Amino acid sequence: MGFLPKISIGNCRTNSIPLATVFNLSLEEGKSSVRMERRNIIPLFKKGSRNKSENYRPVSLTSVICKLLERLIKDHLVDFLVKKKLINPSQHGFFKNEVMLTNMLCFFGKMSQSG
Numbered sequence: 001m002g003f004l005p006k007i008s009i010g011n012c013r014t015n016s017i018p019l020a021t022v023f024n025l026s027l028e029e030g031k032s033s034v035r036m037e038r039r040n041i042i043p044l045f046k047k048g049s050r051n052k053s054e055n056y057r058p059v060s061l062t063s064v065i066c067k068l069l070e071r072l073i074k075d076h077l078v079d080f081l082v083k084k085k086l087i088n089p090s091q092h093g094f095f096k097n098e099v100m101l102t103n104m105l106c107f108f109g110k111m112s113q114s115g
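64 is the number that UniProt numbering gives to position 64 of the sequence shown; each next residue is one higher, with no gaps.
There's no promise every hint is true.
As the list claims (entries may be wrong) - List of simulated lysine-lysine pairs, DSS-like, C-alpha gap at most 30 Å: (1) Lys67 with Lys83; (2) Lys84 with Lys31; (3) Lys46 with Lys31; (4) Lys85 with Lys47; (5) Lys84 with Lys110; (6) Lys67 with Lys47.
These aren't lab readings, by the way, just hints derived from the structure by calculation.
Since the structure is predicted, the reported quantities are computational estimates derived from the model, not experimental observations.
Hey, can you work out the whole structure from these sequences and the hints?
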């Protein structure tokens, strides 16, 4: 599985039609392959004693194909919501190139107006 991203990137044109077919079938049928949904959960050490389980956090490793589909869905969903004006313009969490600075400036501006 570790070689899949390199092969996918290297053969982008070759893989795009089969991937589009799989993605479209998955979306039309409302289900995906079990292999696509499978995640490997590994413990990631934080700090402290390596003998205590509370010093680890679970990390879910998702398939590259699944991540790609999720990204495509998210991008289309956000575009739709923006075009239909269903997201508040002050929402910063889902937008590309929106930084925390703009969110903080909005917050401090509202704080100074209320005081």
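Status of the hints after comparison with the structure:
1. This hinted pair checks out: Lys67 and Lys83 have alpha carbons roughly 24 Å apart, not beyond 30 Å.
2. Restraint check for Lys84 and Lys31: the C-alpha separation of about 27 Å stays at or below 30 Å, so the hint holds.
3. Taking the CA atoms of Lys46 and Lys31, the gap is about 35 Å. The hint is violated against a cut of 30 Å.
4. Distance restraint check for Lys85 and Lys47: the Cα-Cα separation of roughly 44 Å exceeds the 30 Å cut-off, and the hinted pair is therefore not satisfied.
5. About 26 Å separates the Cα atoms of Lys84 and Lys110, which keeps this hinted pair within 30 Å; it holds.
6. Proposed proximity of Lys67 and Lys47 is supported: the alpha carbons are some 29 Å apart, at most 30 Å.
Consistency note: the structure conflicts with the earlier hints numbered 3 and 4.
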